[in-house]
Amino acid sequence: MNLRVLYFARLREHFGLAEENVDFAGATAADLVAQLQARGGVWAEELAAGRAFRVAVNQDIVTLDAILPDHAEVAIFPPVTGG
Amino acid sequence: MNLRVLYFARLREHFGLAEENVDFAGATAADLVAQLQARGGVWAEELAAGRAFRVAVNQDIVTLDAILPDHAEVAIFPPVTGG
Amino acid sequence: MKILVQAEAFDLGAEVNAISQGHTDIGAIASFVGLARDSNEGSGVQAMTLEHYPGMTEKALAALVDEARSRWALLDVTVIHRVGRLLPGDSIVLVAVASSHRGEAFAACEYIMDALKTRAPFWKKEETPEGERWVDARVSDDAAAARWTDS
Amino acid sequence: MKILVQAEAFDLGAEVNAISQGHTDIGAIASFVGLARDSNEGSGVQAMTLEHYPGMTEKALAALVDEARSRWALLDVTVIHRVGRLLPGDSIVLVAVASSHRGEAFAACEYIMDALKTRAPFWKKEETPEGERWVDARVSDDAAAARWTDS
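Residue numbers (numbering that gives the first Met the number 0), protein chains in the order written: chain A, 0 to 82; chain B, 0 to 82; chain C, 0 to 150; chain D, 0 to 150.
No wet-lab data here; the hints were simulated from the structure. Incorrect hints may appear among the rest.
One side only, chain D facing chain C, incomplete, derived with CB under 7 angstroms [as the list claims (entries may be wrong)]:
(1) Ala6
(2) Ala8
(3) Asp10
(4) Met112
To give an idea of the chain D side of the interface with chain C (calculated C-beta under 8 angstroms), a few residues [unchecked claim]:
(5) Ile28
(6) Val32
(7) Gly102
Glycine residues also receive a C-beta, built at the ideal position from the N, C-alpha and C atoms.
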């Protein structure tokens, strides 16, 4: 399936990427994170176990066991710091 | 001793008096209240045991056992309702 | 710190700007405006008149602001309370509190309002279709004020 | 109800007037303004830039305002959050809540701020003498937000 994946703030800067289309054969948000981590480098570093990041699917924050629907808008970003 | 006694809000209206000088031979705020109550009529009614009123001495709220200094400014008023 | 008792309307925006202007250490300003409502305890209210105890009012307000400043790290406080005749929709009271952090600003602002309601010498008289009446003190206001001494 | 994400400054007085104008059932308006400070965690801050997630931001803010409205009897709510580059002393966020009674207005205003701090997708990057840095989420903000679910 195909996902639109967005990155924000520190992740956007470290990945050098705000947005991409990702071919995805897995099922959950955790599977997507594992697929991105497997790219190595900054991807492995920023998405390592123990690093704080959040995942939103179609603009709602989800837990890593969430199932990703086809054509979902998935966003990965650091804990928020507004206000 | 001589006291300046002020009344506010409902008490001012019922007593028909905003302020008076009172010759006082007692010691405490309770003594003053008893002296005023002894006037009978609205005084007895408004200052009866169980009626809610507050006493301030020189602009600080006090309890009825407070000693009244000579020439004190004593105010008697209903519970406050501002804000 | 600014404490005013006045008949005139106040301007929340101007008061909060006056607190923040030229300051770069303020992270949070919590503020409160109390307004005259058109009904109370089941009756329509056409207008109200606020009476106060000149002299004691300012002293009582200063005392409760000092208490708030001793409990929380505050950078500035403004309290303005109107007196005289007010119509429904008119503003009655303003409390604005500046602090570095929002928790302290919120707590102090609510503390000052709760304390003011039970300890500052203001009295409200309402004009209703049934005639004039003095507003009775609320049990809920005593409970709100008591929270701060219980904790 | 009004929710805005904008680069422009806002006017607290005008926003609160817009809430109260023509209403005579509002007894209380609690409001909060968050401001950019000139220091954070021991460093000087010369400026900050607020990034957000367009689309999700408005959705997240609307969701937490709805939660507040389901918990408390509110008459109106305004939330405005700025994005882009801000200088120390600039306002960042405004939350204003109108209710019949002050306890509900205060609680809902603080709830919305606490929820916004942990759930609305905004990120701050600070410019300091040591260079640029992304602000880390605060443990104290998580604790503040958690209060509302514990109770």
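Going through the hints against the structure:
For Ala6 of chain D, the suggested interface contact is broken, since its CB lies about 19 angstroms from the closest CB of chain C, more than 7 angstroms. Interface restraint check: Ala8 of chain D against chain C, minimum CB-CB distance 11 angstroms, threshold 7 angstroms, status violated. For Asp10 of chain D, the interface hint holds, since its Cβ comes within 7 angstroms of a Cβ in chain C; the closest pair sits about 6 angstroms apart. Using the Cβ-Cβ criterion of 7 angstroms, the hint placing Met112 of chain D at the interface with chain C is satisfied: the shortest such distance is roughly 6 angstroms.
Hint status for Ile28 of chain D relative to chain C: holds, with the closest Cβ pair at about 5 angstroms, below 8 angstroms. A least Cβ separation of about 5 angstroms between Val32 of chain D and chain C falls short of the 8 angstroms threshold, and the interface hint therefore holds. Restraint check, Gly102 of chain D versus chain C: the minimum CB separation of about 6 angstroms is within 8 angstroms; hint holds.
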